[in-house]
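Engineer: Protein chains in written order, with the numbering used here: chain A, 1 to 105; chain B, 1 to 474.
Simulated from the structure, these hints should not be mistaken for lab results.
All values derive from a computational prediction rather than experimental measurement.
Be careful, since some hints might not be right.
[Stated by the list, open to error] Part of the chain B face toward chain A, derived, beta carbon under 7 Å:
#1 Asp-2
#2 Ala-4
#3 Ile-138
#4 Glu-147
#5 Ala-154
#6 Tyr-173
[Claimed, not checked] What follows is a list of derived Cβ distance ranges for each label pair:
#7 B:Asp-427 x A:Ala-75: 46 to 54 Å
#8 B:Gly-314 x A:Ala-15: 33 to 41 Å
#9 A:Asn-30 x B:Leu-283: 30 to 38 Å
#10 B:Leu-13 x A:Ile-12: 28 to 36 Å
#11 A:Thr-33 x B:Pro-198: 30 to 38 Å
#12 B:Val-191 x A:Ile-7: 21 to 29 Å
#13 A:Glu-102 x B:Leu-283: 54 to 62 Å
#14 B:Lys-102 x A:Glu-102: 17 to 25 Å
#15 A:Ala-75 x B:Gly-347: 34 to 42 Å
[To be verified] Pairs of lysine to any residue residues, derived as SDA-like cross-links and limited to a Cα-Cα distance of at most 20 Å, are as follows:
#16 B:Lys-148 x A:Glu-102
#17 A:Lys-104 x B:Lys-359
#18 A:Lys-104 x B:Ile-351
#19 A:Lys-104 x B:Ala-188
#20 A:Lys-104 x B:Ser-150
#21 B:Lys-148 x A:Ile-86
#22 B:Lys-359 x B:Val-455
Ideal placement from N, C-alpha and C gives every residue a C-beta, glycine not left out.
Here's the letter readout for the chains.
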Amino acid sequence: MLQGIPITSVLIVSAFMFFAGVCGFIIRRNMITILMSIELILNAVNINMVVFNKFLFPDQLQGQFFALFIVGIAAAEASVAIALVINIYRRLNSISVDKVNEMKY
Amino acid sequence: MDIASFSLMRNELILVGIVLILLIAEIFTKKENKHKIITLGTVLFGVATLINFLPLAEGMLFGGSFQTTRMTMFMKSVLNLGVFIVFLQSVTWLKREENNEKISEFFILIISTLIGMNFMISSGDFLMMYIGIELATIPMAALAAFEKYSEKSAEAGIKLILTSALSSGILLYGLSFIYGTTGSIYFADCVVNINNNPLQTFGFVFFVAGMAFKISLVPFHLWTADVYEGAPINVTSYLSVVSKGAAAFTFMIILYRVFGSITKVWEPLLYTLAVATMTIGNLFALRQNNLKRFMAFSSIAQAGFILLGIMQGGELGMTTVVYFMLIYVFTNLAAFGVISAISEFSGKEEITDYNSLYKTNPKLSLILLLALFSLAGIPPVAGFFSKFFLFAAAGAKGYYILILIAVLNATVSLYYYLRVVKAMLIDHSDTPIATFKTPWPMRISLLICVAGIFVIGFASAIYEYISSISFGIN
Chain A
1 MLQGIPITSV LIVSAFMFFA GVCGFIIRRN MITILMSIEL ILNAVNINMV VFNKFLFPDQ
61 LQGQFFALFI VGIAAAEASV AIALVINIYR RLNSISVDKV NEMKY
Chain B
1 MDIASFSLMR NELILVGIVL ILLIAEIFTK KENKHKIITL GTVLFGVATL INFLPLAEGM
61 LFGGSFQTTR MTMFMKSVLN LGVFIVFLQS VTWLKREENN EKISEFFILI ISTLIGMNFM
121 ISSGDFLMMY IGIELATIPM AALAAFEKYS EKSAEAGIKL ILTSALSSGI LLYGLSFIYG
181 TTGSIYFADC VVNINNNPLQ TFGFVFFVAG MAFKISLVPF HLWTADVYEG APINVTSYLS
241 VVSKGAAAFT FMIILYRVFG SITKVWEPLL YTLAVATMTI GNLFALRQNN LKRFMAFSSI
301 AQAGFILLGI MQGGELGMTT VVYFMLIYVF TNLAAFGVIS AISEFSGKEE ITDYNSLYKT
361 NPKLSLILLL ALFSLAGIPP VAGFFSKFFL FAAAGAKGYY ILILIAVLNA TVSLYYYLRV
421 VKAMLIDHSD TPIATFKTPW PMRISLLICV AGIFVIGFAS AIYEYISSIS FGIN
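For reference, chain B alone in the conformation it holds in the complex (with noise of 0.2 Å):
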């Protein structure tokens, strides 16, 4: 191995040297200059995402533990697409007095998870997943408790790093009984010895649960909600893209790569927790009022809609699956663009406080819209292309009752959608949010997010381009 090799890890070592550069310049700026740190960090991580959709080859690193594919690069420069877009959404947020001091840490904390999330992504055995999962989900817990005065911010910290404690714990245990059966940590190796051995099955399933908290699914999201509200609220976007995404993106990778001669034995766990994902997470954002723990159910649901692509199981699977996080990178981050702008110059978050806001903020208002249309998957913008690319991706596999249950689930979740849209546009009220102008980084953001929501649904290079370099179980 030679240093020329280590150039597979280009992503992870430019972050890596982002967060080096960060640290320094913390040292070195004054107090009264922190405010040139975001800049920094947006315009470094900038460039960084441009750098991550150049070619390069393919290969693996250290015996196999990290691995480089065209699918991984492509998974990272989504990852790196929504981070970046969570960055200009909180320039507004991290100039207020309070957040001064902190500046450098919001970067340096959220390329840190982002690094471990790569490492998850790339991992090629079940130490580095192992390592990746962790380094993606402890400095979490510090950003959503990042408001030090808050008291649901401490609390959504606190809930998050113990739910996720344990949730690394029941998956490691799941992890040790694998190991044990296999005898090996190499999925490559690991591969050859699975079968339907019942520890090798009891294990598998605590591998699944432990996986399912981090992407949250039912019976397993009961953190998610809280953590959602209580964080900050670009923190909270973040989360709910990038965070699950990754998961999403490791889980889908170890299913396909490692225990892909045992459909039998995931297949009906699958069905059952994306029936309860979708059918709980729809229910229970019906009855939300705060739009972060609206959006945390919203996003609940949309876990379960992940899971029928997942299910598939073969290249058709992994390309709707990308393809889906591409577009849910988009439609969330500028629904998440929209209640974050509104709550910075307000401190509003309740849905009834939209009424009238077509009246007084028509563009914010139409973008929610169109948000909000491409997450329930309403026809001319791309959140419907995506589900419907999900749904041919679990018929072609026949689960035919698994699609009526998501396209009734689709249906239950356009009414609560819908609420938010009937607040803005047809509610009256005599206090609506005051006109404003929104600051220049979010307009930028938000300029992306529509544009993506458009572009990408149309584009069938973009789909072809996914299509080509995924894979399934072979």
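Only chain A is shown next, with the shape it has when bound in the complex (with noise of 0.2 Å):
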């Protein structure tokens, strides 16, 4: 249990997290990063539906059936991403977002 712990305290985390992620997902050159970011924001809003799930109405488990499917369905897309970013990697010899440039504008 989160003894002590203020629902908003837990909510300044998981929203640090959450533009940590986006930051990430902006300012970073490296694909597999980029994914890790995607992850950390997948992860913040986890812990935003445990969190109002726990405090706020604890007598349904609506946020962590979701939560749970978040987890999945994110294994699902990081999968899929992979497959695609290891496709980049043998036509252009390269993970980086800088090389993917092709098409602009």
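Since each chain sits alone in its own frame, please combine them into the complex, following the hints.
Structural biologist: Take a look at the structure:
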């Protein structure tokens, strides 16, 4: 149990994680790191869901179920994304997003 | 809940069945017989499309997670029709030597995304909506990267999966706050607790941003042009019509059913998005020379027009949006069909390549002319009526300045649509695309599209049917 920890503290942690993820998505140049940033965003959402469930609506488990589904779908998304990153590596010998610039504007 | 109530998921179950049949067929066909899967897949899907037109009882499943109404049935039929036309148009492309191994993959991936879209439209809670969205986007990235040895296709795939992953992350972050402030993920329970709570508005803005990625509204449109250009052309036509339509339908249904009580919050939001989308989409379309990129920006601009109807917020709004999408399916697929046939024959996709096309391929250029006229909204064809009704719906709510901006944008769009027409009819070229005979599946698809462009505009019964089944904010 989260005894003594107010809900706002947990929400601040998750908000920090979310924006760290968005920031990482924008400034990182390596595709794998970008995928890690996306995981950070999704985990921030998971924390939010579980915390709201635990603190505000403990009689139903909707938030926790949602978090479980997010974990599962994030795995599916990451597997497809990594397959595409490997495909890019084979074509361009690099996984830097700066190299993926054939089409612009 | 008994077994019979599962018939509410008829369309989805049939599509899952088709996917399974195709998987089994893929195992048991020899390498030289793979092209037969094209016929199998197209015929099975055609039957599914026809079956979906049959009436079905309304109701809900899984405690309200899945809802079937006549409206969702009609929306699914629109999407099914679009996918069927795309299948007809991709027959020649799939028969190429390099695609021989991937035929069943193409069908399975497209039908999987379609199942996801059906669940999006029918969803009765945010979890089902999220799963539907993901099922609709993850295989889509694999489709965009379908041409394994092309750099552009690989680039399109990675751009699509990364941006859509970010957008679903943003959408989910918004949903978590909506859950936190309403205490439920079910639409029916959510709607009671929707108020002007600041935290809820914060979540709602994130939700709109996430959905705007999927409908490719400005400023969330940056992936669109690149993915459309890089993906194989039949995948592009699927993305621009069916995928966008499903996202717009879902967005509209959720806005009406869940956020109906806070129109004050989403009106200015959608107003800004609509103005930005129409203007930027049109202005960027002016400078494109590649036809696929050109169609991408044209479809962004059309998404801005859809927002006009969504903002109306009543039955009229929903009617006009669905009617617009129905016509948009036929119009855009007619244009993409011609582009695809020409690209298949000659590999050319630039606007200047189309010079003197009318002299060598008069029928194809006439169809492209009709499609572009319909997209621009010139009277005799259906595109005029759909745009007119959208503007009328926005007028009923009193958005006169927005209509003015939209009409100005429609005028700008005339310039670039007619640029293609001018290239085909007036500009001279010494080396025009040679005369060629389009294969018969493509011809059937183009015939369906042209019939749609003419008939739907005049058949008021269709508009009245949509009007009778649509719902607004109550």
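Engineer: Against each hint, give a clear statement of whether it holds in the structure.
Structural biologist: Comparing the hints with the structure gives:
no. : hint                              : verdict
1   : Asp-2                             : violated, 25 Å
2   : Ala-4                             : violated, 27 Å
3   : Ile-138                           : holds, 5 Å
4   : Glu-147                           : violated, 10 Å
5   : Ala-154                           : holds, 5 Å
6   : Tyr-173                           : holds, 5 Å
7   : B:Asp-427 x A:Ala-75: 46 to 54 Å  : holds, 52 Å
8   : B:Gly-314 x A:Ala-15: 33 to 41 Å  : holds, 36 Å
9   : A:Asn-30 x B:Leu-283: 30 to 38 Å  : holds, 34 Å
10  : B:Leu-13 x A:Ile-12: 28 to 36 Å   : violated, 45 Å
11  : A:Thr-33 x B:Pro-198: 30 to 38 Å  : holds, 34 Å
12  : B:Val-191 x A:Ile-7: 21 to 29 Å   : holds, 24 Å
13  : A:Glu-102 x B:Leu-283: 54 to 62 Å : violated, 23 Å
14  : B:Lys-102 x A:Glu-102: 17 to 25 Å : holds, 22 Å
15  : A:Ala-75 x B:Gly-347: 34 to 42 Å  : holds, 39 Å
16  : B:Lys-148 x A:Glu-102             : holds, 16 Å
17  : A:Lys-104 x B:Lys-359             : violated, 33 Å
18  : A:Lys-104 x B:Ile-351             : holds, 18 Å
19  : A:Lys-104 x B:Ala-188             : violated, 44 Å
20  : A:Lys-104 x B:Ser-150             : holds, 17 Å
21  : B:Lys-148 x A:Ile-86              : holds, 11 Å
22  : B:Lys-359 x B:Val-455             : violated, 28 Å
Taken one by one, the earlier hints fail for this structure at numbers 1, 2, 4, 10, 13, 17, 19, 22, listed in ascending order.
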